[in-house]
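Colleague: Residue 138 is where the sequence shown starts when you use the working numbering, and the numbers rise one by one after that.
Where hints are given, some of them may not hold.
Claimed, not checked - Here are the simulated lysine to any residue pairs, SDA-like style, with alpha carbons at most 25 angstroms apart:
#1 K532 / S451
#2 K396 / D456
#3 K532 / R453
#4 K396 / P345
#5 K462 / P345
#6 K179 / E279
#7 K217 / K179
#8 K179 / G524
#9 K256 / K217
#10 K217 / T203
#11 K462 / A365
In case anyone wonders, no lab produced these hints; they're calculated from the structure.
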Amino acid sequence: MFPYNDCASCRDPGYAVAIPVIRERLEPYNNISPPQGSLAMKQIDLAYRTMFAELAQRSFDAQFSTDFPHNGRFVNVPVKGKGYWYFEYPTPDGDKRRYVGPEADEEITARVHAHREVKDDLRERRRLVNALTRTGGMASPERFAGEVTKALADAGLFRLRALIIGSVAFSCYSGLLGVRLPNASLQTGDADYAQDFAISAEVGDTLPPILDVLHTVDPSFRAVPHQADKARVAAFVNSGNYRVEFLTGNRGSDDHTGKPSPMPALGGASAENLRFLDYLIYEPARTVLLYREGVSVNIPAPERYAIHKLIVASRRRNDALGRAKRDKDIQQASLLSEALVETRQGYLLADAWNEAWERGPAWQEAITLGLAMMPDKARSPLAVALGVSAADLGKR
Numbered sequence: 138m139f140p141y142n143d144c145a146s147c148r149d150p151g152y153a154v155a156i157p158v159i160r161e162r163l164e165p166y167n168n169i170s171p172p173q174g175s176l177a178m179k180q181i182d183l184a185y186r187t188m189f190a191e192l193a194q195r196s197f198d199a200q201f202s203t204d205f206p207h208n209g210r211f212v213n214v215p216v217k218g219k220g221y222w223y224f225e226y227p228t229p230d231g232d233k234r235r236y237v238g239p240e241a242d243e244e245i246t247a248r249v250h251a252h253r254e255v256k257d258d259l260r261e262r263r264r265l266v267n268a269l270t271r272t273g274g275m276a277s278p279e280r281f282a283g284e285v286t287k288a289l290a291d292a293g294l295f296r297l298r299a300l301i302i303g304s305v306a307f308s309c310y311s312g313l314l315g316v317r318l319p320n321a322s323l324q325t326g327d328a329d330y331a332q333d334f335a336i337s338a339e340v341g342d343t344l345p346p347i348l349d350v351l352h353t354v355d356p357s358f359r360a361v362p363h364q365a366d367k368a369r370v371a372a373f374v375n376s377g378n379y380r381v382e383f384l385t386g387n388r389g390s391d392d393h394t395g396k397p398s399p400m401p402a403l404g405g406a407s408a409e410n411l412r413f414l415d416y417l418i419y420e421p422a423r424t425v426l427l428y429r430e431g432v433s434v435n436i437p438a439p440e441r442y443a444i445h446k447l448i449v450a451s452r453r454r455n456d457a458l459g460r461a462k463r464d465k466d467i468q469q470a471s472l473l474s475e476a477l478v479e480t481r482q483g484y485l486l487a488d489a490w491n492e493a494w495e496r497g498p499a500w501q502e503a504i505t506l507g508l509a510m511m512p513d514k515a516r517s518p519l520a521v522a523l524g525v526s527a528a529d530l531g532k533r
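When you get a sec, could you build the whole thing from the sequences and use the hints?
Modeller: Now the structure itself:
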């Protein structure tokens, strides 16, 4: 029960700049070898990439079957001229309704129509995960991050169109793009999840209490009252100081940044408002986290993740922790930029760059500062995607 995000409303008011993306001009750059001096990122063998795609489909099928048992039925609910699937199922207190997804999502609609034919093979999915991580060279998350993400997935987090973001999401790009990524760029001590506020407010469905879900993984998890509003909770931490946090995009005044927003779909949890996050979580990718038998998840589109990392790198604190996070931001932005060009998807990177650049001076300043932190060689894939020299990046 929600419209898709309208990115035009997120742009800085009173500012507009026309930087059209001319695909014909970009096409030659998407069919050439990586620029001299690049890391020559190694692509994963086609057989394993095909295996990954099969696992992603099987994992989504399995989650769909778990979420929607055969004793219910799907109904199509029109909202503001668009159709949305819901699942009605009987309970002792009468029929209940659970959110499924937009009719426009072809993968969801196909599974609605073939619901009773979908079957799960847990053993085969585990075999695929083992093959992909042990011999296929694909990345898997740290065990505890995998446990937390699986618990939230089983509770319905990704069904309600939330995303994993941060380094846990980054671990999925190896399989999604079919390239080998260094393990050092995947290490993390926390897990971040995000949801658009409009989606949370309008789906008419919610998770079980988040703390109850986390307690199935580790009973030591506790709620952390938000500094700006002690009555709200956007983060949870366990006895080992592992932090799980929920975020949302700040699409209004900067006065909201750093303050929690109530999120009706998040089982009583709120979410931290962050500038620039609406850009990151728009039009996410559905994929699989290579943990246990595979976990069907939503992650940011890789091209948006790369540009967003440039932006957030420019806003890190200059203390030791801030510098360490900034280094990881730049490393991840560089790796994904190279991977997109290496896999002939530079036009997506160019589109993401232009969308961010068009949002106004604050965005342009952040991108330019992030670029200045990149090593010279790391800028080359971005330059190739945009069809300019590395020296001219950020000058238009």
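Colleague: The structure should be examined with respect to each hint, and the outcome stated for every one.
Modeller: How the hints compare with the structure:
1. K532 / S451: 17 angstroms, holds
2. K396 / D456: Distance of about 23 angstroms is within 25 angstroms: holds.
3. K532 / R453: 23 angstroms, holds
4. K396 / P345: 23 angstroms, holds
5. K462 / P345: Roughly 32 angstroms between the alpha carbons, so the hint for K462 and P345 is violated.
6. K179 / E279: Holds, at about 22 angstroms.
7. K217 / K179: 46 angstroms, violated
8. K179 / G524: Roughly 23 angstroms separates the two Cα atoms, so the pair holds.
9. K256 / K217: 34 angstroms, violated
10. K217 / T203: Not OK: K217 and T203 at ~29 angstroms, beyond 25 angstroms, violated.
11. K462 / A365: 23 angstroms, holds
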